[in-house]
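Asker: The residues making up each chain are set out below.
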Amino acid sequence: MNSGDTAFVLVSAALVMMMTPGLSLFYGGMVRNKNVLGTIMQGFIIVGVITFEWVLFGYSMSFGTDHAGIIGGLNWIGLKGVGMVPNPNYGPTIPLLAFMIFQCMFAIITPALISGAFAERMKFSAFLVFTVSWAILVYNPLCHWVWGVGGWINRMGALDFAGGTVVHISSGVSALAAAVVIGKRLGYGTTAYRPHNLPMTVTGAALLWFGWFGFNAGSALACSGLAVNAFVVTHIASAVAALSWVFLEWLHRGKPTTLGAASGAVAGLVAITPGSGFVGPMSAVLIGIIGGALCYGGVLLKTRLGYDDSLDVVGIHGLGGIWGAVSTGLFASREINVSGANGLFFGNPSQLGIQFVAVLVTIVYAFSLSYLLLKIIDKLIGLRVSKQDEISGLDLSQHDETAYIF
Amino acid sequence: MKKIEAIIKPFKLDDVKEGLTNLGVHGLTVSEVKGFGRQRGHKEVYRGAEYQIDFVPKIKIEVVMPTSLVPDAIKVIQERAHTGEIGDGKIFVLPLEEAVRIRTGESGDDAL
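Protein sequences appear in the order of chains H and S. Counting from 1, one number per residue, gives the positions in the first sequence under the working numbering. Counting from 1, one number per residue, gives the positions in the second sequence under the working numbering.
If you're looking for bench data, these hints aren't it; they were derived computationally from the structure. Being a predicted model, the structure only gives us computed values, none of them experimental. There could be a bad hint or two in this list.
[Unchecked claim] Here are the simulated lysine-lysine pairs, BS3-like style, with alpha carbons at most 25 Å apart:
| id | chain 1 | residue 1 | chain 2 | residue 2 |
| --- | --- | --- | --- | --- |
| 1 | H | K34 | S | K43 |
| 2 | H | K375 | H | K184 |
| 3 | S | K9 | S | K60 |
| 4 | H | K34 | S | K34 |
| 5 | S | K43 | S | K2 |
| 6 | S | K17 | S | K60 |
| 7 | S | K60 | S | K75 |
| 8 | H | K34 | H | K387 |
| 9 | S | K43 | H | K184 |
| 10 | H | K80 | H | K375 |
| 11 | S | K2 | S | K12 |
| 12 | H | K255 | S | K43 |
Produce the entire structure from the sequences given, and follow the hints as far as they go.
Answerer: Laid out in structure tokens, this is it:
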């Protein structure tokens, strides 16, 4: 065991924990003031719910002894046998318990990301049922396939350093399913859904950016050169993606916006996530520039296609995640990470094919299961608040609270 | 006694207040309101989606005065709230039946 590595992973886990409340602020500022507490509550309560699920059996389903490449066994149920001793597969220099809590934070933020798609209209009870069942049926298996030793996508050689497929594509396409199943908000097309507090959104974006250093650099599971590389490329991609989004909208709509700067930064963070442990700084520049522009196009697409993905989870996490996974297949280099692989631009076109398969599998699996889950929950208890509750807002109708008293 | 209701641009409030005070008006009530006239609204753009915002923030002044002061008061408001651009606002003059000062029970012009 190495104390430096352990300290680094623990601090990284704390940073990733903060991303979920940060995401709540990012989302909370974008909704109308009658829904800000409902939105923040969804992110906050997920920290509780998923932690509980994770320590009971989620962690074991994801990382326990492999069964046919499909799912982890129940050998680590209730964290039995997960302790101070390192595991050679999951951070050989840190206690397995440190790896467990670091991964717990990833399991928390992923379903929280989806909540932006059904913002301002989902029943809190239905939201809880969806979150827990989604974690069990979508996140845990996918996490095992990609990161679990013996997982079938992992064995195939797909590269996903910090969660392009597991976190961002899975949440992004599940968000699309959610937007389709739950339907548009009342007043769609006639009401101006103006963000009620953009300073809150920018604060949230800043916390996400800060926390993302733990997310990506921490995924090295050691305080190593690789962690430094992940840290640096993460920062670069976020910075240039903020620029590319803002300049593109400036050209397209005539003004650079703060919401654009915050959104672009997040788009860059999403795009670099899977490649952060495999690509170098100049590759990160390209990944960020293209990521910011692509996600700006992605958010414009929803009005064309007519689904109400309220806070653009599909456009930013779905599209940004797909670009991240694909670009890893283009820019990965063994000079950055010997245990990785080379991408297309470094003489290995087959890696791109593997990345495509991983992307496709994630899209199909997460979308269809989320769609099914939401349909079932809708039949059983109803996904959506009543019309009257939607008009009065989630804060009052779901929580008996008001955010702002003047 | 008359009541004047004036809708003006928010940044003109201090000018108008000063003008009315100089005239001898002893008090006025102000509210932040929204509305539209010929100015219509403005556009706002969030993540590329454009919204037309119809209701523009304005200030509504309500002030009650003896009838003799009314012509000067209208002049002062019109001069001081004026920018010459569309959206400067409007002045309405209403008849008023009675006014009572709650503390003393005085009524009519004495209550103002």
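Asker: Determine for every hint whether it applies to the structure shown.
Answerer: Verification of the hints:
no.: 1; hint: H:K34 <-> S:K43; result: holds, 22 Å
no.: 2; hint: H:K375 <-> H:K184; result: holds, 15 Å
no.: 3; hint: S:K9 <-> S:K60; result: holds, 9 Å
no.: 4; hint: H:K34 <-> S:K34; result: holds, 19 Å
no.: 5; hint: S:K43 <-> S:K2; result: violated, 38 Å
no.: 6; hint: S:K17 <-> S:K60; result: holds, 12 Å
no.: 7; hint: S:K60 <-> S:K75; result: holds, 17 Å
no.: 8; hint: H:K34 <-> H:K387; result: holds, 14 Å
no.: 9; hint: S:K43 <-> H:K184; result: holds, 23 Å
no.: 10; hint: H:K80 <-> H:K375; result: violated, 35 Å
no.: 11; hint: S:K2 <-> S:K12; result: holds, 22 Å
no.: 12; hint: H:K255 <-> S:K43; result: holds, 12 Å
Hints 5 and 10, counting from the list given before, are not met by this structure.
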